[in-house]
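Chemist: Model the full assembly from the supplied sequences, consistent with the hints where possible.
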Amino acid sequence: MAIGSDSGGGGGVKRQRVDDRCEAVASDAFPVDRISALPDELRLHVLTHLPLKDAIRTGALARGWRDLWRGRWAHRASLEVHLRSHDDLGRELDALEREPRPRRRLERFSLVVDISNLKSSELRRFLDYAAECGVEDLHVEMLQGTIASRLNFHLPLSSPALACLSLRHICVSKMYHKGARPFHALEVIRLASVSFRREAFREMMALCPSLLVLDLRCCSCSGWVFDRLPPNLRSLTIAGCDRITSLDFVRVPSLSSFRYSGCFSNLPLSIPRDAVLSDLYIQLYDSVMMKEWHIDKLRKSLPKDLSRLNVLTISYKALTGASVLSVDGVSAQLPNFNLHGLKELHLLMLQTKAVNLANLYLFLKTFQCPNLERLFVQLPAYRLKPTEGSIDQVREEPPEDGLDNLVMIKVMNFNWCPTEVQLVSFLLRKASSLQKLLIVSRNVTPVDSPGASEADLSLLKEALVNGTIMFTESDNAATQPYHKAYINL
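Going by our numbering, the first residue of the sequence shown is number -4, and it counts up by one from there.
Note that these hints are calculated values from the structure, not bench results. Idealized CB from N, CA, C, for every residue including glycine. A hint or two may mislead.
To be verified - Lysine-lysine pairs mimicking DSS-like chemistry, simulated, CA-CA at most 27 Å apart:
1) K295 to K338
2) K456 to K348
3) K338 to K114
4) K338 to K299
To be verified - If you anchor each label on the Cβ, the simulated ranges turn out as follows:
5) Y377 to K295: 29 to 37 Å
6) A201 to K295: 23 to 31 Å
7) S205 to R120: 22 to 30 Å
Modeler: Given below as structure tokens:
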């Protein structure tokens, strides 16, 4: 067949001449092939109904069939529709309606709506098309807030082959649908700014028994509980979601990745005690002081064994909770805080008061991380008054060891406050294997820092001269923490 390239000299030309002679002879010896005379669109429709072997044999009819067969597999594997005007809406719907049936398989379908007059029936036509194409990856996003609350997504009407679902700024309707079947191929669900009723969320989870990844961001659900999650769920992200009444995940022992950003003090949080976490992200926004918590709450919320935890991102509020545990002597009874497997630690220190530095020291001494290799410290972007960071107020002594394997440190939003200077000098002294210390700062040259120790400042200046410290005004995208995607929620 003349499907390949003509890179082998004149062979391709010879084959083309033979084809032409054969077709000429055939036209004299046999009646006109009326099927071959059909338009390409109809002949392609014929190909889609033939068994694979018979479809391949059509290439023996003529070069036109072979070219058609080659084009049969050249269809687009993904389709992105962005509606910016009502004209776009009519044009896109007409184009989809003109495509012959049965639809060709579509791996990904993305619908982004930037108009305010999309009707439910029109949305349904787009989603029906995606279902007919057996789409595996579906993304639906509403950019106009006026229609986000009027349009509903109906999961039971989706493609049975759906493996990944992404929704943004839309409502999810109740899952009741006559003959609705579980989506056994659906493994990933990502929802952002999605609202639904409590029953709708439970029904969605019931229809996704094979779900592995659930990502919820800024979603809203009245009386939200998580007691009926799919049993094989491995990764769970909950960020900025409101109206949550319970964070009970005890029925998901397969959970290996948990990321939470929000309030915690008034919610019952229960990660399965026998879960084996590989990464953990905790960003708390509670207004109450951690010392007002019931001390056992943090301990009972985490799995028994954290020795396999590789990546930890923790906010200064949670650090305070850890220090409370230590002060009360409870930490000595907590074997679950074995962090010997930790390779990366990301500290979200959104305050740099002396007490925050003291809590960090206490955390490192209590929950030792001897195999830690990468440390990221996120400092506040605003500049504190120098008097608020006086090192005289740091009442906790820094740890003597535990950072011997630390090879890379990155400090972001460094403002030359006394507590920040003390923190960096502490890391320089204790990280004996340190290869690189990156500091992101608006001031890349040393500035006056009233209240900072001269010894600490001298150590920073010396490290800057010998190249151990590298200052930069912009954040280097090549060196980012594992949980970078979950910081700015």
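Chemist: Does each hint hold? Answer for all of them.
Modeler: Structure-based check of each hint:
1. As the CA atoms of K295 and K338 are separated by approximately 24 Å, the hinted pair is consistent with the 27 Å bound.
2. For the suggested pair K456 and K348, the alpha carbons sit about 23 Å apart, so the restraint of at most 27 Å is met.
3. In summary, the hint linking K338 to K114 is not supported, as the alpha carbons are separated by about 50 Å, beyond the 27 Å threshold.
4. The straight-line distance between the Cα atoms of K338 and K299 is roughly 19 Å, inside the 27 Å bound, and the hint therefore holds.
5. A hinted range of 29 to 37 Å holds for the C-beta pair Y377 and K295, which are about 35 Å apart.
6. Distance hint check: the CB atoms of A201 and K295 are about 28 Å apart, consistent with the given range 23 to 31 Å.
7. About 28 Å separates the C-beta atoms of S205 and R120, a value consistent with the hinted range of 22 to 30 Å.
Checked against the numbered hints above, the structure breaks only hint 3 and satisfies the rest.
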